[in-house]
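A.B. asks: With the hints as extra help, turn the sequences into a complete structure.
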Amino acid sequence: MSDHQLRVSKIPRGTVIDHIRAGQALNVLAILGIDGRSGETVSVGMNIPSDQMGQKDIVKVEGRELSQDEVDVLSLIAPEATINIIREYEVVEKQYLERPERVVGVLSCPNHNCITNANEPVETKFDVLDDGVRCEYCETIVREDLAAHIAVE
Amino acid sequence: MRHDHLITAKQLSRENVEAVLDRAAEIDADPAAFADRHDDAVLGLCFFEPSTRTKMSFETAIKRLGGDIVDMGSVESSSVKKGESLADTARVIEGYADALVLRHPSQGAAKMVSEFVDVPLLNAGDGAGHHPTQTLLDLYTIRENAGLDDLTIGIMGDLKYGRTVHSLAHALTNFDADQHFISPESLKLPRSVRYDLHESGAMVREHTELDEILPALDVLYVTRIQRERFPDENEYQQVAGEYGIDLETLEAAKDDLTVMHPLPRVDEIAPEVDDTDYATYFEQAHNGVPVRMALLDQMLAEREEDR
Ligand SMILES: [Zn+2]
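Protein sequences, first through last, are from chains Y and Z.
Oh and the first sequence: position 44 is 48 in our numbering, straight run, nothing missing.
Oh and the second sequence: position 15 is 42 in our numbering, straight run, nothing missing.
These aren't lab readings, by the way, just hints derived from the structure by calculation.
Label pairs and their computed distance ranges (CB to CB):
id: 1; chain 1: Z; residue 1: A46; chain 2: Y; residue 2: G58; range: 54 to 60 Å
id: 2; chain 1: Y; residue 1: E105; chain 2: Z; residue 2: V97; range: 37 to 43 Å
id: 3; chain 1: Y; residue 1: P83; chain 2: Z; residue 2: Q253; range: 37 to 43 Å
id: 4; chain 1: Z; residue 1: E269; chain 2: Y; residue 2: E127; range: 39 to 45 Å
id: 5; chain 1: Z; residue 1: H225; chain 2: Y; residue 2: M50; range: 37 to 43 Å
id: 6; chain 1: Y; residue 1: R106; chain 2: Z; residue 2: D115; range: 22 to 28 Å
Covered by chain Y, per the in silico footprint, the following chain Z stretches (three or more residues, Cβ under 8 Å):
id: 7; region: 108-119
id: 8; region: 137-145
id: 9; region: 153-159
id: 10; region: 212-222
Idealized CB from N, CA, C, for every residue including glycine.
C.D. replies: As structure tokens, this is what we get:
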């Protein structure tokens with residue numbers, strides 16, 4: 005499937021996340037908590053040839069727009085991605101990702117001794133650094149493989 | 028968050044530190060003048076980890092200010108054992124006390140509790156995280172013996188898990204101090220602490236051998252290397268031997284070197300050092316009371332003004 009074909013196979017309403025770094029599409033679905041069980045139509049394109057990126061992934065989710073929290077985490081693992089909000093088959097909004105200052109409740113802390121892993125009534129909070137994120141509670145810095153720390157419910 | 032919680036040494040500015048140390052010096056000079064200052068104050072002690080020493084030091088401090096304590100007791104005998112969350116325990120105990128002291132094995136515990144309680148909270152150790160009241164008494168001891176500016180300090184031992192080390196290193200970035208860190212490769216400063224020291228522009232050097240730097244030091248701060256950090260006994264013995272000091276080691280040191288240790292020690296400092304002018308660790312331990320009195324005095328005074 006070419007970039008062109010994907011763009012023209014329009015969805016009536018929902019979100020198209022384009023220009024995802026090749027190989028990250030499944031992590032994007034994990035962030036969105038999409039595993040097919042809630043019934044929305046999801047299309048995933050992987051390793052699609054792209055002039056800009058060589059290869060890229062695309063995720064299309066029908067009937068769903070993203071929350072700010074979701075966009076924030078997305079920007080950490082797929083900073084190049086663009087988000088197209090579709091209504092009535094048209095792109096009504098195109099968002100480029102900006103790194104947030106902090107992400108709340110989405111990542112889990114890799115430090116087993118962190119209070120956020122101790123069954124306490126708190127959400128995780130991470131400050132976003134230039135090259136990683138940092139737990140506001142135990143101060144652990146995570147630089148590699150952020151997607152592995154997404155707290156999927 | 029209340030401005031008067033003390034969670035990490037990072038929140039201490041030079042002015043904050045100096046205010047506490049100056050007050051501690053006043054208390055040291057004339058303890059009787061402070062005897063009834065807070066005679067209606069109750070300090071809540073929440074120790075989720077055994078730490079008799081720190082606890083006694085807080086207890087003495089509040090009693091010398093005329094106040095009293097409530098103690099949640101050991102974890103085994105409390106509601107925690109029935110599965111109560113820390114957030115709930117703290118919210119119950121804050122109703123009994125004017126300020127809380129928390130020691131907990133999880134990193135970030137004090138920061139979390141500070142989001143739930145409305146009385147001032149003092150972090151008395153959160154896992155491998157922070158121990159800011161220890162830092163204040165360390166700074167007091169350094170100031171009395173060597174001065175806090177134009178200081179060359181060596182911090183040796185378990186730098187990875189040692190929370191007293193992390194807090195002290197952060198606090199020293201407020202002063203004109205060259206910090207040298209001496210440890211085996213496996214117990215070097217954690218990434219998060221190095222990151223903060225780097226951000227603050229502090230002068231930091233890491234060493235694996237004490238000899239390299241000992242002659243230049245004004246203060247040598249020794250910490251305990253714990254057996255449980257090493258998979259086998261032989262490796263532990265070897266490392267413990269390398270990062271311990273005795274009279275022979277100290278021959279290369281300046282005559283006015285100040286040797287400190289947060290105690291308890293095991294073999295890191297040979298008992299023969301105790302009778303020399305270098306040994307400052309018992310004085311350091313005693314400084315815990317005036318420094319904690321100063322801190323509590325400041326905290327409780329602010330609280331009384333709020334009322
Ligand atoms: Zn954490």
